[in-house]
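K.L.:
First to last, the protein sequences are chains S and E. Okay, so the first sequence: first residue is 1 according to the working numbering, each after it adds one. Okay, so the second sequence: first residue is 1 according to the working numbering, each after it adds one.
What the hints contain is simulated information worked out from the structure, not anything from laboratory work. Hints should not be assumed to be uniformly reliable.
[Claimed, not checked] Listed next, the in silico DSS-like pairs over lysine-lysine satisfying Cα-Cα at most 27 Å (straight line):
#1 S:Lys109 to S:Lys53
#2 S:Lys62 to S:Lys109
#3 E:Lys227 to E:Lys250
#4 S:Lys62 to S:Lys50
#5 E:Lys250 to E:Lys229
#6 S:Lys119 to E:Lys40
#7 E:Lys40 to S:Lys53
#8 S:Lys62 to S:Lys119
#9 E:Lys191 to E:Lys150
#10 S:Lys109 to E:Lys150
#11 E:Lys227 to E:Lys40
#12 S:Lys50 to E:Lys191
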Amino acid sequence: MWVVYLFIIYSILSHVISTFSIRRFPIIHNLNEASYTLFEFLIFVLLFNKLFKSTRSQNLLKITAILFSIFWISYKVTFQKQDFDSIPIAIESLLILIFSLIYLFEQIKTPDSLFIYTKPAFWIVTGLLIYTAGTFFIFIYAQTRMQDDFFVRQYVTINTVFYFSRNVMFSIAMLLKPSKKAEINIYEEHWN
Amino acid sequence: MFLLQASNQQNVSYVVYFGTFGMLLLAIGLIIFIIFHQRKVIQYQLRMRQMEEDQQKLMLQASILSQEEERQRIAADLHDDAGPLLATVRLYLNENLIHQDTATQLQSIYNAKQIIDDTIQLIRNISHSLMPPTLKNFGLESAINDLFQKINGSGSLNASCRFHDYRRRLKLESELSVFRIVQELVNNILKHSHASFIHLTQNRTENIFYLRLHHDGEGLTQAEVEKLKNTPQGLGLKNIQSRIKILNAKILFERDPSNTYYKVTIELPYETAS
Numbered sequence: 001m002w003v004v005y006l007f008i009i010y011s012i013l014s015h016v017i018s019t020f021s022i023r024r025f026p027i028i029h030n031l032n033e034a035s036y037t038l039f040e041f042l043i044f045v046l047l048f049n050k051l052f053k054s055t056r057s058q059n060l061l062k063i064t065a066i067l068f069s070i071f072w073i074s075y076k077v078t079f080q081k082q083d084f085d086s087i088p089i090a091i092e093s094l095l096i097l098i099f100s101l102i103y104l105f106e107q108i109k110t111p112d113s114l115f116i117y118t119k120p121a122f123w124i125v126t127g128l129l130i131y132t133a134g135t136f137f138i139f140i141y142a143q144t145r146m147q148d149d150f151f152v153r154q155y156v157t158i159n160t161v162f163y164f165s166r167n168v169m170f171s172i173a174m175l176l177k178p179s180k181k182a183e184i185n186i187y188e189e190h191w192n
Numbered sequence: 001m002f003l004l005q006a007s008n009q010q011n012v013s014y015v016v017y018f019g020t021f022g023m024l025l026l027a028i029g030l031i032i033f034i035i036f037h038q039r040k041v042i043q044y045q046l047r048m049r050q051m052e053e054d055q056q057k058l059m060l061q062a063s064i065l066s067q068e069e070e071r072q073r074i075a076a077d078l079h080d081d082a083g084p085l086l087a088t089v090r091l092y093l094n095e096n097l098i099h100q101d102t103a104t105q106l107q108s109i110y111n112a113k114q115i116i117d118d119t120i121q122l123i124r125n126i127s128h129s130l131m132p133p134t135l136k137n138f139g140l141e142s143a144i145n146d147l148f149q150k151i152n153g154s155g156s157l158n159a160s161c162r163f164h165d166y167r168r169r170l171k172l173e174s175e176l177s178v179f180r181i182v183q184e185l186v187n188n189i190l191k192h193s194h195a196s197f198i199h200l201t202q203n204r205t206e207n208i209f210y211l212r213l214h215h216d217g218e219g220l221t222q223a224e225v226e227k228l229k230n231t232p233q234g235l236g237l238k239n240i241q242s243r244i245k246i247l248n249a250k251i252l253f254e255r256d257p258s259n260t261y262y263k264v265t266i267e268l269p270y271e272t273a274s
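All chains, please: the whole structure from these sequences, using the hints.
P.N.:
In structure tokens form, the structure reads like this:
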């Protein structure tokens, strides 16, 4: 759960820095905006590293994190001035979708709780899954269509709705304290 | 690439809305599927575990029953055979013996000695059935040879065994378990199969000890044994399965492809048994 708190704190800090530095410190503002995608992805990689059970999945995470970081750096060097990084964000969304699916399928293969929705991790992953699925297409077009007012309204609506949904699910995860009862062996749960 | 090349505002709106809706539908569908499927998997695992526990209960009951039968048999042997014999010896060696003439005394002592010899033999037999001394002193090969010789001696069928490589002995407890398994299998064959021959072969690889028992009578296949596992019948088979489980071994009941004989194969890893 501490990874989620870290993500929330980072998001808030990033937005605050972005808001207050846009006129006074444009370099910091641009750096902050530019690096948000990378740091967001690395925090999610940290989260999934905690959630994955199999070593193979964890190794895949680490390799993906390194490859994505290299890609992001080379993208930033090649396309320096971009208002919106559609391609890195699209790739990040796809990767998070894949990691979410891996987590959910691990839960099928080796379930450790009779009611999966009593686990905070389930709600965190569901929130990420729904947010990335819902905003995938809007982010793809954002780089080229931000000058269009109609598109901007669409972007704000869709992003806000799914951002809100994600945060609601994160809140549910925070409210669900992982009690000892929920973590006991599923067989004991059955016999009790 | 069509997605990135759609330039018309309306096309872009359609792609965005339908694409978003489609992705959302997929994501929600997947989550619902995961929730229900995961519960089914757990319920299935619970059912399997329940079946395993029921089976273990049956095996334990069979083991307890078997022990009780063995105790009753020993008690019956001691009470019905040893008891009266010793009581007869007591009669011969009572206080009035000193008043008898020498010839009568000698005869009484001789009779008492005969009965004591018979009693010793009886107790020896009871003891051998509990723990065959041949097994302890000379190993599994000698014990099984002894057993098969006794069966041959009865004339009921032709029993033979061949140990190809038994230089590396198993632990005494493992040898006893294997001997009991062979004894039980042979008893079942004698009781139920109407076989005319039994042949046992032993072999080994680096890590595995193999025993194979062939007979030409009526036998069981693995499918029939699996069916009996979950029923209260087949006490002897359940005892065999308990011993196999303790030894961490495998047992396979099959019919030879030529349909002329049945065979039972026991595979025992050396690492647990020696």
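K.L.:
Taking the hints in turn, state whether each one holds.
P.N.:
Each hint tested on the structure:
{"no.": "1", "hint": "S:Lys109 to S:Lys53", "result": "11 Å, holds"}
{"no.": "2", "hint": "S:Lys62 to S:Lys109", "result": "22 Å, holds"}
{"no.": "3", "hint": "E:Lys227 to E:Lys250", "result": "17 Å, holds"}
{"no.": "4", "hint": "S:Lys62 to S:Lys50", "result": "12 Å, holds"}
{"no.": "5", "hint": "E:Lys250 to E:Lys229", "result": "15 Å, holds"}
{"no.": "6", "hint": "S:Lys119 to E:Lys40", "result": "18 Å, holds"}
{"no.": "7", "hint": "E:Lys40 to S:Lys53", "result": "21 Å, holds"}
{"no.": "8", "hint": "S:Lys62 to S:Lys119", "result": "25 Å, holds"}
{"no.": "9", "hint": "E:Lys191 to E:Lys150", "result": "16 Å, holds"}
{"no.": "10", "hint": "S:Lys109 to E:Lys150", "result": "55 Å, violated"}
{"no.": "11", "hint": "E:Lys227 to E:Lys40", "result": "26 Å, holds"}
{"no.": "12", "hint": "S:Lys50 to E:Lys191", "result": "61 Å, violated"}
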